[in-house]
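Chains H and P are the protein sequences, given in the same order. Counting in the working numbering, the first sequence runs from 1 upward without gaps. Counting in the working numbering, the second sequence runs from 1 upward without gaps.
Since the hints were derived computationally from the structure, they do not count as laboratory data. Just so we're clear, the structure is a prediction, and the values are computed from it rather than from any experiment. Using N, Cα and C, we set each Cβ at its ideal position, and we do this for glycine too. Do not rely on the hints blindly, as some may be mistaken.
Simulated restraints, written as ranges between beta carbons of each label pair [unchecked claim]: (1) Lys167/P to Asp207/H: 15 to 23 angstroms; (2) Ser21/P to Gly42/H: 23 to 31 angstroms; (3) Glu130/P to Gln18/H: 43 to 51 angstroms; (4) Asn89/P to Pro162/H: 33 to 41 angstroms; (5) Asp129/P to Ile85/H: 42 to 50 angstroms; (6) Asp174/H to Asn60/P: 31 to 39 angstroms; (7) Phe36/P to Glu82/H: 24 to 32 angstroms; (8) Gln18/H to Ser21/P: 21 to 29 angstroms; (9) Asn34/P to Arg87/H: 35 to 43 angstroms.
Simulated coverage check for chain H against chain P, where a stretch passes if three residues somewhere in it have a Cβ under 8 angstroms from a Cβ of chain P [as the list claims (entries may be wrong)]: (10) 173-185; (11) 210-218.
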Amino acid sequence: MYDINHFYEATSVEHAVQLRVENPEAHIISGGSDILIGIRAGDLAGCDLISIYMLDELRGVSFHDDGTIRIGALTSFTNLAEDPIIREHLAVLGEAADTVGGPQIRNIGTIGGNTCNGVTSADTASTLLAFDAVMELTGPKGIRLVPLTEFYLGAKKVDLRPDEIATAVLIRKDHYKGYHGVYFKYAMRDAMDIATSACSVNVKLSDDKKTIQDARISYGVAGPIPLRARSAEKIVKGKLVSADTVEEFAAGALEDVNPRTSWRATKEFRLHLQREMARRCFVESIRRAGGSV
Amino acid sequence: MSNKQYKQLSFILNGKKVSASVDVRESLADMLRNEFGMTSVKKGCEVGECGACTVLINGNPYDSCIFLAAWIDGKEVTTVEGLVDIDGNISDIQQAFIDEAAVQCGFCTPGFIMSAEHLLNTGKRFSRDEIRKALSGNMCRCTGYQNIINAVENTMDKRLAEKDTEK
Ligand SMILES: Cc1cc2nc3c(=O)[nH]c(=O)nc-3n(C[C@H](O)[C@H](O)[C@H](O)COP(=O)(O)OP(=O)(O)OC[C@H]3O[C@@H](n4cnc5c(N)ncnc54)[C@H](O)[C@@H]3O)c2cc1C
Ligand code: FES
Ligand code: FES
Numbered sequence: 001m002y003d004i005n006h007f008y009e010a011t012s013v014e015h016a017v018q019l020r021v022e023n024p025e026a027h028i029i030s031g032g033s034d035i036l037i038g039i040r041a042g043d044l045a046g047c048d049l050i051s052i053y054m055l056d057e058l059r060g061v062s063f064h065d066d067g068t069i070r071i072g073a074l075t076s077f078t079n080l081a082e083d084p085i086i087r088e089h090l091a092v093l094g095e096a097a098d099t100v101g102g103p104q105i106r107n108i109g110t111i112g113g114n115t116c117n118g119v120t121s122a123d124t125a126s127t128l129l130a131f132d133a134v135m136e137l138t139g140p141k142g143i144r145l146v147p148l149t150e151f152y153l154g155a156k157k158v159d160l161r162p163d164e165i166a167t168a169v170l171i172r173k174d175h176y177k178g179y180h181g182v183y184f185k186y187a188m189r190d191a192m193d194i195a196t197s198a199c200s201v202n203v204k205l206s207d208d209k210k211t212i213q214d215a216r217i218s219y220g221v222a223g224p225i226p227l228r229a230r231s232a233e234k235i236v237k238g239k240l241v242s243a244d245t246v247e248e249f250a251a252g253a254l255e256d257v258n259p260r261t262s263w264r265a266t267k268e269f270r271l272h273l274q275r276e277m278a279r280r281c282f283v284e285s286i287r288r289a290g291g292s293v
Numbered sequence: 001m002s003n004k005q006y007k008q009l010s011f012i013l014n015g016k017k018v019s020a021s022v023d024v025r026e027s028l029a030d031m032l033r034n035e036f037g038m039t040s041v042k043k044g045c046e047v048g049e050c051g052a053c054t055v056l057i058n059g060n061p062y063d064s065c066i067f068l069a070a071w072i073d074g075k076e077v078t079t080v081e082g083l084v085d086i087d088g089n090i091s092d093i094q095q096a097f098i099d100e101a102a103v104q105c106g107f108c109t110p111g112f113i114m115s116a117e118h119l120l121n122t123g124k125r126f127s128r129d130e131i132r133k134a135l136s137g138n139m140c141r142c143t144g145y146q147n148i149i150n151a152v153e154n155t156m157d158k159r160l161a162e163k164d165t166e167k
């Protein structure tokens, strides 16, 4: 038996928002793979829950008219990894989702939970950040759009108002079209482990594949929240694809990260990983984009 | 704790339509064991780590310890009890676990069998690495995994060979 005080079950998005307005203290539960663990651990024992798990309208991936890709908040990691739109346009996001936990966790865990938990190690978070994804939040006054770069406020703190729920994650066409990316998760085990640190890179090359038109890089577990390494991005913009550019990128990335020592790894080891992951992800992204170093 | 809250639900359990009135605080694992006597559903960790409680929901593997019973309304659940035929004979994958000595204490076995059943039901061929990945949400503290993978691989080979001869 879970130590749940009151359980509210939403029957529609409007109903979920209404339940949020009426019960500002209650936690939203999607797949529950963070929340239920928190109740077992005691941190969340005795809490009120608003379940949105039964809202099938929040599952799945689709296109807006302008080419924006819309990922419903309840879309599971398995759905992400298998979805044809994701595979064609955001392959790296499906690959990141496929590194989460094991099959059972990938069936229950959702993209909404993986972003709204505000956790730095969340496997889809750094990849979404490297796509400049936007959170679609629905409240009593309608929809509010918040870029993921502004959504994270601090460790486990996100810009979600007490009367809102996340209804989707959006990725604009100019943020994915022509980009190729790689996600690297460094963990102690190949499955059922969270990242010691992780890195996601997206690269867009010129038509002749010789110049870096644009590059984006983000990290998980390089600070209290998933973060972008903008210095590295600036350094390589417009540069020729070369081994030197790769080294400048990897060195530049270290200017923005701020890892700490934890029981999983020391700060020094994480810095080493972060430089090496930047290098490898960048080289492989260039290769996927049709270039070579 | 406030007043008890119940939810009325109906779902399909091992092919039969059933209904229940469930305490909303209950996990699916608790409900299956206590209300329906499905004691193949084991509780090892109750936090989604070990897979001993794995059941199929609409054909896909889930840890029933971290799935709220209230969410099962309208869905289809399969446990190891559902793999046995009407005469009480066990299925090919269960027999393979016996033949390959893939069982020691046996606590993890039902969970592994359900994850394997999902894989086998796809009707596709998988490499040993792919089988490992499909079973990576299940832990065994006794066998060292090799015989478990053998059991799944052999059953896959047999089913695929039978499918070929049917053609
Ligand atoms: C055994 C195990 C292994 C795991 N391995 C990994 C791993 O490898 N990588 C990884 O990244 N994670 C891992 N996780 C953590 C977890 O599975 C993910 O964070 C998952 O994405 C959570 O999604 P959920 O729907 O289950 O979240 P829930 O537990 O339902 O919610 C998580 C948080 O987000 C909030 N929330 C959820 N949905 C919404 C919404 N739509 N709007 C507003 N707020 C919302 C909730 O209030 C809560 O604070 C693991 C968990 C377990 C139990
Ligand atoms: S008992 Fe459910 S995963 Fe361990
Ligand atoms: S046989 Fe004992 S845990 Fe697997």
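So, going through the hints one by one against the coordinates:
Lys167/P and Asp207/H have their C-beta atoms about 48 angstroms apart, which leaves the hinted 15 to 23 angstroms range violated. A hinted range of 23 to 31 angstroms for the beta carbons of Ser21/P and Gly42/H is consistent with their spacing of about 28 angstroms. The hint said 43 to 51 angstroms for the Cβ distance between Glu130/P and Gln18/H, and at roughly 45 angstroms that hint holds. Between Asn89/P and Pro162/H the C-beta distance comes to about 56 angstroms, which lies outside the given range of 33 to 41 angstroms.
For the hinted restraint 42 to 50 angstroms between Asp129/P and Ile85/H, the CB-CB distance of approximately 27 angstroms leaves it violated. Checked against the hint of 31 to 39 angstroms, the C-beta distance between Asp174/H and Asn60/P comes to roughly 35 angstroms, which is consistent with it. Distance hint check for Phe36/P and Glu82/H: the Cβ-Cβ separation is about 31 angstroms, which falls inside the suggested range of 24 to 32 angstroms. For the pair Gln18/H and Ser21/P, the supplied restraint of 21 to 29 angstroms holds, since their beta-carbon distance comes to about 26 angstroms.
The supplied range of 35 to 43 angstroms is met by Asn34/P and Arg87/H, whose beta-carbon atoms lie about 41 angstroms from each other. Counting residues of the region 173-185 of chain H whose C-beta lies closer than 8 angstroms to any C-beta of chain P gives 0; at least three are required, and the coverage claim is violated. For the region 210-218 of chain H, the stated coverage by chain P is not satisfied: 0 residues place a CB nearer than 8 angstroms to a CB of that chain, which falls below the threshold of 3.
Hint check: violations occur at hints 1, 4, 5, 10 and 11; the rest are consistent with the structure.
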